[in-house]
Structure formats: structure tokens, C-alpha cells
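J.: The residues making up each chain are set out below.
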Amino acid sequence: MELSNSSILKTTLRKLFPFIILFSFYMFSYGANFPGGGFQAGVVAGTIIIIYQLVFEKEIYSNNFYSFVEFSGFFLMTTFLLVGILFSGYYFGIFYGLQTNSTIFSNFFIWLLNLAIYLEVCGSIVLIFRYLIKRNI
Amino acid sequence: MKRKIFNTTIVLLLITAFFLITEVKQDLVFFETCDRQYFIELATELNINNMVTSVYLGPRILDTFFEALVVIATAMAMNNMWRRP
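If you read the sequences in order, they're chains A and B.
Residues in the first sequence are numbered from 1 upward in steps of one, following my numbering.
Residues in the second sequence are numbered from 138 upward in steps of one, following my numbering.
Just so you know, these hints were derived from the structure itself, not from any lab.
Mixed in with the good hints, there may be bad ones.
Stated by the list, open to error - Facing chain B, from chain A, some residues (calculated, C-beta under 7 Å): (1) 31; (2) 32; (3) 33; (4) 37; (5) 78; (6) 81; (7) 92; (8) 99; (9) 106; (10) 107; (11) 124; (12) 127; (13) 128; (14) 131.
Glycine included, every Cβ here is placed at the ideal spot set by N, Cα and C.
I would like the entire structure built from these sequences, with the hints used as guidance.
T.: Laid out in C-alpha cells, this is it:
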């Protein structure tokens, strides 16, 4: 039985998809103070996009979009690295002091790093999967 | 042409980052006495409660950066390896 023939899978996925994406946003946003983080959130988001593609046999956005997402995350990290070194002599040095009293932005820089890692991992996972199935592996 | 420019920019960024990292004289290894109190103080200093996050985005941030680099390199290599000539 193929995945696309299962109405249970299709119905369940259609209902759960937005909540799982929202959960991945929660994981990277609250990753500084609760279990989670950028890597876990990126894997959750990338996996649900892959499952959607397997069940519905339809791609959500093109490969170029995920390449852009992936490189934007990496570009964000590299920018912080270089700016930190240029201004303080320590990699990422000056940014750790961006702290507030809120739960999400208790350390704003950690939140930005989690965002960068989330974008990168999500984009990479989807791209690697698509390149693999293109070669029927 | 666009892809060549894009890839070249990424490579130049990475070389610059690598050069700057090697010039920074900072202790890259954990201290010998890494006890519970050290991690508590680290999390308090960064104002976050998750000790795992405080480690991999704190003193071990370079490990995280290069791990992200490996993931990107994997995706780029798979794209270029199976491209038609």
C-alpha cells in the first residue's frame, strides 16, 4: 500500500501539519529556558515537510527556497561571528550581553542563534532528502 | 553564473571566518574542573535556564558553527555531485 492511498494519513496530516510547524517554532523560541533548541526544532520542521511530500506527493516550495533558508541561517551565524571578532576580538563576544527579563528573549542573542540553526537545519534536511529521492535512493 | 558567484561568496566568507578564528587567542577547550557549579554559573551568566543550550551556544559555540558548516557542505555536495554536466 502506498502512502498516498491512505486517507487516514492524509486526513491526520492535514489537521496536524500547522500545529507541528507551530511546535517547531515553540521549540526554537523557548529553547533557551525549556527543553528544545535550534537543532531539534529544525529536525521537527524538516521532517514534517518531508512527510507531507511523501504522503501528498507534492512539494512545499522549491529547492531554491530551502537553499535560501539554509544559507540565510548560516549567513546569520557567520555575520555574528565576524562582527563579534571585529568589535571585541572574541568570536560572538559582544552579543551575549543582550539580555532581558522576558522568557523568550532572556538572552536575545541565544534566541537569534537558535533561529539561525533552525533555519539551517530545516533547509538542509529537506534538501538532502530531495536530492536523495531524485536519485531513487 | 549566479550560482558561481554565490558559491564563491560563501567560500570567501568561510576562509575569512577561519582566518579570524585562528587569530583569536582564546581557550577553546573546556577547563579541567567542569563541575555542576560551573554549569550553573554559566547558565546564570547567560540568563538562561537550559544548561545544554548554555554549553553548546556558549563556550562550545565554535563546535556548533562547524557542525552547521558540515550540514551545509553535505547539502551543497549532494547537489553538485548529481548534477547533469
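J.: Kindly indicate which numbered hints from before are broken by the structure, ordering the numbers from low to high.
T.: Nothing - there is no hint that the structure violates, so all of them hold.
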